Structures are given as C-alpha cells and as structure tokens.
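2 protein chains.
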Amino acid sequence: MADEHKLETLPLPDPPQKSPEKKLHLNLIHNYPQKNAEILSSQYGFNIFLAGLLLMFAWAIHAVGITDRDLLSYLITLMLIQLVWMLWYIFGSYTQRRSIIEKDTDAGARWLRCGITLFAVITLILDSFKIGYYIGYSECLSITEGIFPVTHTIHTLLQVYFLWFHSKDVIQSFKTLERFGLIHAVFTNLLLWANGVLSESKHQLNEHKERLITLGFSNITMDDHTPECNCTSNVCSIFSQGIYYLYPFTIEYHILASTMLYVLWKNIGRTVKHHQQQKIHFKFHGITAGTIMGLIVLTTTIAVLVVYLIQIGRSKSKSESALTMFYVFAITVLTLMCTAGIIGLFIYRLENKSLDDSESPAKKLDSDLLVGSACGSWLISWGSILAIICAETHPDYAWYNLPYSILVIIEKYIQNLFIIECIHRKEEEPMDGRTIERIFSMSNRSTLSLTPSYEVFNESVTICNKEFPYMSNSELSLGDASAEDKKNQENNNSIRLAPSIIAMQATRSAKLNKKRRILKNIAAFLFLCNISLWIPPAFGCRPQYDNGLEEIVFGFEPWITVVNLAMPFSIFYRMHSASSLFEVYCKT
Amino acid sequence: MADEHKLETLPLPDPPQKSPEKKLHLNLIHNYPQKNAEILSSQYGFNIFLAGLLLMFAWAIHAVGITDRDLLSYLITLMLIQLVWMLWYIFGSYTQRRSIIEKDTDAGARWLRCGITLFAVITLILDSFKIGYYIGYSECLSITEGIFPVTHTIHTLLQVYFLWFHSKDVIQSFKTLERFGLIHAVFTNLLLWANGVLSESKHQLNEHKERLITLGFSNITMDDHTPECNCTSNVCSIFSQGIYYLYPFTIEYHILASTMLYVLWKNIGRTVKHHQQQKIHFKFHGITAGTIMGLIVLTTTIAVLVVYLIQIGRSKSKSESALTMFYVFAITVLTLMCTAGIIGLFIYRLENKSLDDSESPAKKLDSDLLVGSACGSWLISWGSILAIICAETHPDYAWYNLPYSILVIIEKYIQNLFIIECIHRKEEEPMDGRTIERIFSMSNRSTLSLTPSYEVFNESVTICNKEFPYMSNSELSLGDASAEDKKNQENNNSIRLAPSIIAMQATRSAKLNKKRRILKNIAAFLFLCNISLWIPPAFGCRPQYDNGLEEIVFGFEPWITVVNLAMPFSIFYRMHSASSLFEVYCKT
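Chains A and B supply the protein sequences, listed in that same order.
For the first sequence, position 334 (counting from the first letter as 1) is numbered 523 according to the numbering used here, and the numbering increases by one without interruption.
For the second sequence, position 11 (counting from the first letter as 1) is numbered 200 according to the numbering used here, and the numbering increases by one without interruption.
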C-alpha cells in the first residue's frame, strides 16, 4: 500500500527504461482521466443503490422468498465495506501525511458537523433500543436483527469521526480508490436512509389503518411485523414504542451524512481557489422580533400536534375538528412565512449585490436539494388540489385543504428563492477601515505627486460606483469625464470628496445595518418556522392520510403510494431548509 | 415589447433623475440575478410538470372524475402557450437583431437537428393518423381528441423550425422571460413524452394481457379504451394499428426536443469561450469491419423480433422457445459489444490524451443522460437477477435470463465509459503542417540569433513532451538540462533534431491512424448494435413481461409497475447512446 502511494505522488523515475507492459500498466493506473474515474465510481454507486432499493421494494411488497434477513445482510455488508474503507483512509492520512492537504472552506461547516453529531447521538440511542428489543425477543428473531444495530453503532461512531475531521478534505492523490470508497459511503447512507423511511412509512400506514378500523372501515388488512414469541424482559414495549419516536432523527442523520460525503466525492481532484476562509459566526442580538414570533409558532405547533394526535381517529366529528384546526393553523403560519420571504426578496432587490458565480459543489448541492426535495411536497399538494377540483362531494374541512395546498407550493417557491440568493451572494468586503485611510492618505499626498493620487482617487470612485450604483453617475460623475479634465480638477476634488464619502459611508452603514437586521429577523423567523413544520409530519400528523378526500378520488392504494414516496422528501425539505436558513442567518 | 427590449440592452440614461419607485422598478427588472432567474423559472417548470404527471397518473388509474378530456386540455393549453412564446421569440429575433448573438458550438449539432426532423416527420404522420381516427369515430369521441392532434401538428412544425434555426443561440438579453419560455417548452415536451410513454405502455400491457388470456390465465381484466360507436370510414383499424408502430418515434422526438431546449435554457446568459468551431464531418471509409458486423446484428435483430412476435403467446412451448432464442441472441450481441467497448477503452489508455475540463451544458447533459437513463435498465436487470436468485422453481429458459441481465448491466457500464471519455477528450491540434514548418524555420534562423531559436526549440520539445510523454525524458532530455548547457548545445541540437522529429511524426501518425481506424470501427459497430437493441423493446418484444419468473416473485402488479416505469428510460438509453456514438465516430 505504501509503495503504491509513493508511485502516485512522486514523479516517475526514468520511465523509458521500463518494459512496454509495465509502462502500460503504470499508464492505466496513473493517467486514468478524472472525468472517467468519476463515471466509473458513480455507476458502481448507482448499481449498489438500485439493487438495494429493489431488495427493499421486494421486502415491502412481501415478494416470494425475500425476507428481512436478506435485506439486513445486504445493508450489513455495505456498512462493513464502508468501515474498512474509512479505517484505511483515516490510517492513511495519519501515516502518510498526504502531500497536499487542501481544504474546501464551503464544505462541512462547523454547525453542520455539530448537527450531524447531535443526530448521531440520537441514532446511537435508537440502536441501543433495537439491541434491547432484539435481546427481549431473541428467541424468535433472526440473528441478523441483532447484528444490524451493532454494526450500525460502530458504523455511526466511525462515520461521525470521519466526517468531523475529514469533511473538508480535497483529496488529490489515490483518486480512483478514494472515489469508490466515498461513493460507496454515499449510497450506503442513502440506502440506510431509505430503509429508515420505509420502516417509518410502514409504521405510519399501520397507525392510519388502525384509526380507519376504529372509524368503522373493516375491509383493511394490517401489515404486521410483531414477533411471534413473548418478550423475556419487561421493557420491550417501551423499546418498540420509543424506536418510532427516534426514527425521524436517524433518517435526518443518514441523509445529512450522505450529502456531506457526496460533497467530499465531488471535491476529489478539484483545484480550490484560495479565497479567504469565511468564518461564520453565530451572534444572537437584534433578532428579538423574529425569534419571539418563531418561538410562538414553535410552541403552538407542538400544542396543535398533541391535540391532533389525541383527537384524530377517535370519532368522525373529532377527526374533522382536528383537521380543521390543523389547516387553519398551517394556513396562518404559511401566510406569515410567505410575507417574510417576500419582504426578504424585496430587500435583496434594494441592495442589488452581485452574486458569486464560482461553482462550489457544496453550494450547488444545497440549492439542488432545496428544489429537488420541494418537488416531493409539491407533488402531494398538486394531488390535493386535483382531488378537491375533481371530487363530487366536499366535506367542510376539505375547503381548508385548497388554500393550504396552494400556500405550501407558494411558500416553498419563495423560500427557495430567498435562501438560494443568499447562499450565492458575494461576501461583503468591509470598506470601513482601510479604504477610508487610503482616501485620507491620498488627499495628503496629492500635493506631492500627480499620478499616484489620481490612481487612488479613481479607486475611490470605483468603490463608490460599486456601493452606490445609481448615485455614481450624477454625484460622482467625474469617473466619466475625460482624463485631462480630471487631472486638472483632481487636487480639489479629492480633498473635497473624502469627507463626503465618509458621511455617505456612515448613512450607508446605518441603512445597511437596518436592512441587515430585518434580514436576520426574517431568517430567524423562517428557521424556527421550518423546524416547527418539520415536527408534525415527522411525528405522525399527516392530514394527507386522514383527510380522506384524496383517497376517495385516487383510491386508497395509489394515493398512499404517492404520499409514502413524496413525504420523505417533504420532511427532508424542512430540515434542510432550516439548516440553510441557519447559514443565511449567519451570513447576513 | 420593443421598449422593454431597449431598456434591457441599453445602459440606463441618468438613473438618478428617476423617482425612487421607478428606480426600484428598474432595479427589479434589470438586476435580477441570474442564479435566481434560473431557480425562479425551473421551479415554475417543475410545478407544471408535477401537476401534469399527477393528471396522467390519475387518468391511468381511472381516478374518479378525471377524464381523458382533462388531461388533453391541459396538454393543449401548455402547447398553445409554448406556441405563443416561440412566435414571440422568432419574431423578436428577426425584427430586433439582438445586440450580441453568440452561438454555442457544442449545442444543436447538425446531425442532431437532422435526427429530430426525421422523427418529427414521423410524428406528423402519427398526428394525421390520429386526426383520421378522430374523424372516423367523431360521433362518440370528445372534441379535445380532435383538437389535440391538430395543435400537436402545428406545435411540431413550429418547434422543429425553432430548433433548426435557434438551437445554438446563447441568449444574452431579456433573460427572465426567455428563461420562462424555454423551461415551459422543456417541460411541455417532457409531458408530451410522458403521455406518449403512458399510451405506449398501456398498449403493451394490453397486448401482454391478451397473450396471457390466450395461454389460459382468465382472471385478468383488460384496460380497454375502444370507442363505443362504429367507425364511419373503412380505415379506422389501420389508423389505430398504425398509431402504435409510430409511437416509439414520437417518444424519441419529444425527449430529443426537450434535451435541446434544456441546453438552450442552460446556455442563457453564459459567456462562451470562442474556441474554434469543431466541424464534425461524417466520412465513410475504413470502417468496413465494424459496419458489416453491425449490419449483421441489425438484420438478425429484425429477424429475431419477427419470429419472437409470431411465436410468443401462441402456446407455452412456443413462448419458451421464443424467449430462449431471444436470450441467446442478446447474450451474443452484448458479449460482442462488451468486448468492443473494452478494446476501445484500452486504446484510450494507450493514447493517454488529456480531457477537456471546460464545462459545456450540452456535454454535461449528454453524460448525465447516459448514466441516468442506464439506471432504468439496471433497475429491471437487478429485478431479474433478484427474481432468479429467490425463485423456488426455475424453468429452463430462466437460466438464460441471468447472464443476459448481468451482461446488460456490464455492457452499459462499459459503453458509458467509452462514450463519455470520447465526448470529453480534447480535440487534437494537427501538428503536421505548421509545427514542422516552424521547426525548420528555427533551424535556419538559429545561426543568426540565439534567443528566438532557443524559444522555438523549447516549444518543439514541449510538443514532443506532449505527444510522447515517456520518451521525452531520455531522448529529448535537453529540456531538463540547465539553461547554460542548452545554449551551448543548441545550434547543433536543433538541426539534428528536426529530421528525427519528422520521422517520429511519420511513424506516430501511422500508428495513430491505425488506432483511430480501430476506434472508428468500434464506434460504428456499437452504433448499429444500439440501434438494433432499441428496436425490440420499442416494438413490443419485452421478455421482462413474457418471462413470467419476475411476475411470480414480485407479483404481477408490482413487477409491471417497475417495468413500465423503467422501460421508457431503457429504450431512451439505446437511442441516446446511438446518437452519442455517432458523435464519437465523427470525432475520432
């Protein structure tokens, strides 16, 4: 391994002396083009992912001959391969001290790593619950159900360590093997995510069916997976209940991990422009209004969720009042969010800052994920709208569903615009200190020499042009005058201009601070709202199931399929936009 | 409209005199950042697409209250909006003569436009069939079924005109409206594609069910859409039969159009590097072996298809022999294709050319589509593999399915690598003429002045280094010697080297020609093979339906759903890779 590594990083010593076969061999290893290595590994990734998805699908539809054991064995194998690769990589980076360790400053932000660690801790609790559950039912459960959580625990621990210390790496050597390892890790996490989503959906569907049975629909078959023996300890039911409250966090953990790994994969072999590291600082001041409103929304959401879960499925009237309550609440929140988003976009237009065109994989992925995952909830919303339009009879609460669905579409539309514009904005270069100093020094020097002061003056005009695009033409129109005129006027102008620039700078920064404070408030409010809207669907409040109207129009199974496919993306959207809004808040 | 356009392209005259509201208004129109305009329009596109997909889904599953008419009205509306936009654009580009009309040389290649025109002609025939069919059954068909083909005809004519003359445009003005128009066009075509795929799948499924009924499975319900009145002319059955033979071409037409429109959309506002236009020439010489083998495969495929369609579903034994014949034939072809692909990749490694890193939307889309659409058939193949592994009993012919499915995966894996590497290779700069001249002129000049000749000498070494990476170190090691040594040796060396370079150049181009001829043969062979493999699934030879094994393992409905979702991508893959291989052939 050590030899191979040397060959990769050092220049080749006297290649002509090698035999043709050896030359070819080296050629095959070293000069494999980057684009192809990318395709080579991504195709491998797609294949293990598709095979895994089909296994899950087969298991979910109770295909002949495919058991839980097959699926879990497949996942365990994938996790073990990833473990071996991560150990190799970590070991390699300590012993070899790779020649150039470049870092991508956009990738693996500290708050992202903190977030993933938090989710990972909850995932570890879930794994321990699963182990406890297995021990309780060990008589009648297959051994794979015990091995799986154990492997998953080790996998989680090592992966968090790996992401914590290596998520900013821009790998420049050993590319092919590292590409395979990373893409394997990406798709392993995606499969674990899909597996979590599947278990969660099955559980939600069963709860929904139980409610329907309570309401008197009898022709429904339950999809039950309870073991066929008795639990040997007393806490089994606590474990099996608790697991489903922890699942939403595990699901987020895996999707977050896979996005971070994907950015790592995309960064392999990239040449990073060394722009100054933008340290993001979280400061909590001046955002009282946004935070308070956000916290009100958050507490109300939890209250609504509790009432909803208690009321729904008890009786027809209680269900209907619960649905009405949820819709009215959601419509209010979404309207507020839309307003906040529109105000934010409007302020952006007033500021007229240019966007950063540099393509960073982390930023690109962020915006792609926002739009991509929003599609999930758009699909559900369009389904609801279609159902309301086409249905023959409408219960009263169904009419609330129409504005709710439309607002869900509009709110995500606006919010995506707001987040993506902020992510792609150029960092502001603070003008305050140095530039003003230079303008002063220029006015002092201007009596001594003509040319340098003229240059500095021009610079200050350029700065003004940048900062006040609509004022420069008239007030600072000197930039457009002919060079000779300028040279004549310059001594006076430069001295006269310097104080006026400072005055303008002062009003400007006051205005800017005001705008910035509004933007920060909006970001904080939207952040808390997104967290709030993540909670209901993640913990079982899914009016798309309970509403009934869509099920009548589309039929029970087709609609449930649509919801089960789209809902995970919709839930992921909320968490992802919350994390993006946190970034927006810190950047503003 | 004309005023608006002026405002967009001309610099603003004295903005400070405008009122603040006007300033803001202008600000909103002009300085809308590119990234956001992209997100704004793509989100709109996703929404019309998702709404359309749900309508189709609802129609396909016979949702309550959703008829054929609703779906067709939606599609007609979309097409009409696109028509208005295209007319506006075409009219605009003639009357205004947009300030800078840049062209993207990678986009809208001539052969692509020829291909799309061919498909469009067949689409027009299909539309006339549909109109004829409507006239025949006009008594009992809704008026929308008549309006649809008429609108579609106009839409097709104008769209082909638009793509023929504007597909290379790099739009620099009026960005927001043009982005919306183009993304609307992209998703309209995608919806028309999905609609075609849906009709085609329904037809295939019905044929499959008919076969099953013939074989004695009675508990199958047909999904019939024949009108409830009699045809007033005699040719109705010809029309309804003919429509399904023409559908595959319409499907290809729409997906091709949407990819070309997508590239146009992606190109808006891009700054194109003005590299020399690479004219692709199609010359037919020296590819006899590849072409002959390809043509043999093509004719055999057609023969196999005819036999398959005659035999399948007649009786159990005839079906089995048809399946066995198909698998044996496909295994042979796929093995040959794999071999050809591996040889091609091997030659690439021998040549060791650097790849072009410039990101062109057309190239990126090409490779994304290859990998993305390959996923469709990989999904089906993994399904088959899983079914064979898990099934309890295996009919004889099922065992042929295993190597077939594995080969399908491997062949696409290799072929994608082969195509994508070629697409991204740098164009060769012909060294023959000018460089050699310069080397000669250098050796003549070298007695007069030292510095320039040294420079030219260095240049020639660099060229050699590039062309013979492993020879440069020893034979042309002068490049590494210290500058003083070089200056002393240079007069002799430069004169001595020039002829040797020419000799090397001669052997090199002979070798290169040989390699190139092999590559051209491979490309031609693979091209014809892909056309061949496109034919069977497009015209009803789908062993994934008839095989039976997967249906037993997964169940009839789940498996049919998987096949119906994945098959369109699998079919598209073959056509798309054929068109890419044509490009590979021309570039080699």
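Keep in mind that the hints were calculated from the coordinates and are not lab data.
Just so you know, not all the hints are guaranteed correct.
The list cannot tell twin chains apart, which means a pair is met if one copy fits it or any two copies do.
What the hints assert, rightly or not - Pairs of lysine-lysine residues, derived as DSBU-like cross-links and limited to a Cα-Cα distance of at most 35 Å, are as follows:
hint, residue 1, residue 2
1, Lys364, Lys700
2, Lys700, Lys398
3, Lys364, Lys704
4, Lys292, Lys505
5, Lys364, Lys703
6, Lys505, Lys398
7, Lys398, Lys455
8, Lys398, Lys704
9, Lys776, Lys292
10, Lys505, Lys455
11, Lys776, Lys398
12, Lys364, Lys391
13, Lys553, Lys391
14, Lys776, Lys391
15, Lys398, Lys292
16, Lys703, Lys505
17, Lys391, Lys507
18, Lys553, Lys703
19, Lys553, Lys704
20, Lys398, Lys552
Predicted model, so just to flag it, every value in this text is computed and none were measured.
Structure-based check of all given hints:
Proximity of lysine 364 and lysine 700 under a CA criterion of 35 Å is satisfied inter-copy only: 30 Å between copies versus 49 Å inside one chain copy. Taking the shortest Cα distances, lysine 700 and lysine 398 never come within 35 Å of each other, neither inside one copy (57 Å) nor across copies (71 Å). Only between protomers do lysine 364 and lysine 704 lie at most 35 Å apart by alpha-carbon distance; the minimum there is 28 Å, versus 46 Å within a single protomer. Proximity of lysine 292 to lysine 505 under the C-alpha cut-off of 35 Å is found in neither arrangement, the shortest distances being 58 Å within a copy and 64 Å between copies.
When the C-alpha separation of lysine 364 and lysine 703 is checked against a cutoff of 35 Å, the pair qualifies only between copies, where the shortest distance is 31 Å, while the shortest distance within a copy is 48 Å. Within a single copy, lysine 505 and lysine 398 get their C-alpha atoms as close as 15 Å, which meets the 35 Å cut-off; across copies the closest is 42 Å, which misses it. In this assembly of identical chains, the alpha carbons of lysine 398 and lysine 455 never lie at most 35 Å apart, being 43 Å within a copy and 46 Å across copies at closest. Proximity of lysine 398 and lysine 704 under a CA criterion of 35 Å is satisfied in neither setting, with 50 Å inside one chain copy and 65 Å between copies.
When the C-alpha separation of lysine 776 and lysine 292 is checked against a cutoff of 35 Å, the pair qualifies only within one copy, where the shortest distance is 20 Å, while the shortest distance between copies is 37 Å. Taking the shortest alpha-carbon separations for lysine 505 and lysine 455, neither the intra-copy value of 52 Å nor the inter-copy value of 51 Å comes in at or below 35 Å. Proximity of lysine 776 and lysine 398 under a CA criterion of 35 Å is satisfied in neither setting, with 46 Å inside one chain copy and 60 Å between copies. Taking CA atoms no more than 35 Å apart as the test, lysine 364 paired with lysine 391 passes in neither setting, with 40 Å inside one copy and 46 Å between copies.
In the homo-oligomer, the alpha carbons of lysine 553 and lysine 391 lie at most 35 Å apart inside one protomer (33 Å), although the nearest pairing across protomers, at 38 Å, exceeds that limit. Taking identical chains as interchangeable, the C-alpha atoms of lysine 776 and lysine 391 are never at most 35 Å apart, the minima being 40 Å within one chain and 52 Å between chains. Taking the closest pair of Cα atoms, lysine 398 and lysine 292 never come within 35 Å of each other, the shortest separation being 51 Å inside a single copy and 58 Å across copies. Proximity of lysine 703 and lysine 505 under a CA criterion of 35 Å is satisfied in neither setting, with 51 Å inside one chain copy and 80 Å between copies.
For the homomeric pair lysine 391 and lysine 507, the shortest alpha-carbon distance inside one copy (25 Å) is at most 35 Å, but the shortest distance between copies (43 Å) is not. Proximity of lysine 553 and lysine 703 under a CA criterion of 35 Å is satisfied intra-copy only: 30 Å inside one chain copy versus 43 Å between copies. Taking the closest pair of Cα atoms, lysine 553 and lysine 704 come within 35 Å of each other only inside a single copy of the chain (26 Å); across copies the shortest separation is 39 Å, beyond that limit. When the C-alpha separation of lysine 398 and lysine 552 is checked against a cutoff of 35 Å, the pair qualifies neither within a copy, at 41 Å, nor between copies, at 49 Å.
In summary, the structure is inconsistent with hints 2, 4, 7, 8, 10, 11, 12, 14, 15, 16, 20 from the numbered list given earlier, while agreeing with the others.
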